[in-house]
Amino acid sequence: MEKTKIQKVFSLLLQQWLLVAMGIACALAYCFPSVAKHGGIIRSQYSILYGVVGVMFLIGGLSIPHDKIGRQMQNWRLHLLVQGISFLLVPALMRAVIAIILRASASSASSTSSTSSASIDPSVLAGYTLTACIPTTIASNVVMTRAAGGDDAAALVEVLIANLLGPFITAPWTLVLLPHTSEFTTWRDGAGSSLTAMYASVFKQLGLSVLLPLVVGQFVRWKWPEQTERAVARFKLSKVASAGMALLVWTSFSSIFATNAIQKLSAASIVFTVLFNILLYLVLTAVCFFAADPLLSPEETIAVCFCGPAKSTALGIPLLYAMWAPLDLEIKAKTSIPVLLYTTEQICVANLLVHVFKRYRKKSG
0 MEKTKIQKVF SLLLQQWLLV AMGIACALAY CFPSVAKHGG IIRSQYSILY
50 GVVGVMFLIG GLSIPHDKIG RQMQNWRLHL LVQGISFLLV PALMRAVIAI
100 ILRASASSAS STSSTSSASI DPSVLAGYTL TACIPTTIAS NVVMTRAAGG
150 DDAAALVEVL IANLLGPFIT APWTLVLLPH TSEFTTWRDG AGSSLTAMYA
200 SVFKQLGLSV LLPLVVGQFV RWKWPEQTER AVARFKLSKV ASAGMALLVW
250 TSFSSIFATN AIQKLSAASI VFTVLFNILL YLVLTAVCFF AADPLLSPEE
300 TIAVCFCGPA KSTALGIPLL YAMWAPLDLE IKAKTSIPVL LYTTEQICVA
350 NLLVHVFKRY RKKSG
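Quick note on numbering: numbering that gives the first Met the number 0 labels position 333 of the sequence shown as 332, and the sequence is numbered without any gaps.
The set of hints was computed from the structure by calculation and includes no laboratory data.
Values in this document were obtained by computation on a predicted structure and should not be read as measured data.
Here are the simulated SDA-like pairs of lysine to any residue, each with C-alpha atoms no more than 20 Å apart in a straight line:
1. K67 with S296
2. K67 with K222
3. K238 with S10
4. K67 with G148
5. K235 with L18
6. K235 with V219
7. K238 with Q15
8. K235 with W16
9. K238 with I23
10. K67 with L295
11. K67 with E298
12. K67 with W223
13. K357 with E298
14. K238 with K357
15. K357 with Q15
16. K361 with A285
17. K67 with P297
18. K357 with L18
19. K263 with Y320
20. K362 with F289
21. K357 with P297
22. K235 with V19
23. K238 with H354
24. K357 with L12
25. K7 with L18
26. K357 with L281
27. K222 with I68
28. K235 with W223
29. K238 with Y49
30. K67 with F218
31. K361 with L294
32. K67 with S237
33. K357 with S296
34. K361 with F289
35. K238 with F9
36. K263 with L274
37. K67 with V219
38. K235 with P64
39. K361 with Q14
Kindly generate the complete structure, drawing on both the sequences and the hints.
Take a look at the structure:
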């Protein structure tokens, strides 16, 4: 009997292996942050953000038929829906939430004198403004869409479009949406002039870690289609791509713990950030589902639900440090907390939603 229970627990852990791997990654990041932080021992800005992401997109190129990618390139309804949600709806919703928080804080401050420990740090709200404006993430969308039985070609195309548009949209859009109150003067006046270097860095990363591996994978699949199909199935390359998600979580949390920025935030700011991220992601996923379900196929709807709410650390963090280069390092580190936590939590929540969308796909026939 006891052996059966142990087997059931082991089977459950095996089914949720990616969540278990993410938990281990978080623990390692907390204990040894200097290993996988940006600029750390393994130089994760190269080994993971280039190497691991490159492998993930090479697998994507090997796995997805090129005719599916060509067909989704012409799907304007899909483009307008995903990019509209990512660059218009999410920033508008975030601006409204921040306005409500500021109004509530002002009202609370006028009624009591001891509110400093309970208020949300302005750096967190500035970070959320940036988070709302950055494009959808590069790696996890394709992996999660494929795992849920969605149209991974649709997810791949939307990722490419978003990350080509993002560098030009995010910076000015963030500065426009920052609240015009005294608390945010630091961020409005502190925008640096180093965006040219950031653009070069972002497009270099996009080319080397996404476009080049994708083209190579597509060429190999076109040249040797049957052998490639067999190799993808035999070596379970889709699971290898999924395992890369745990490494992305590892480097994200390592950067958080290495800066000690999270320890310098108030308890209210930390609790708000952790819980708000989950709520925001679930609400945006629901909005994406109800917006896409009547218009698109079930497979494309799944792709929209993963691409619409997601945000990219790979673009968000370099952009943050380029935009606000003149600011103190501690301010930049605290501002990065919403970006890092949201992009990490979205992977964990999306992994759980994979099972929900699998059932939806099965029910839809």
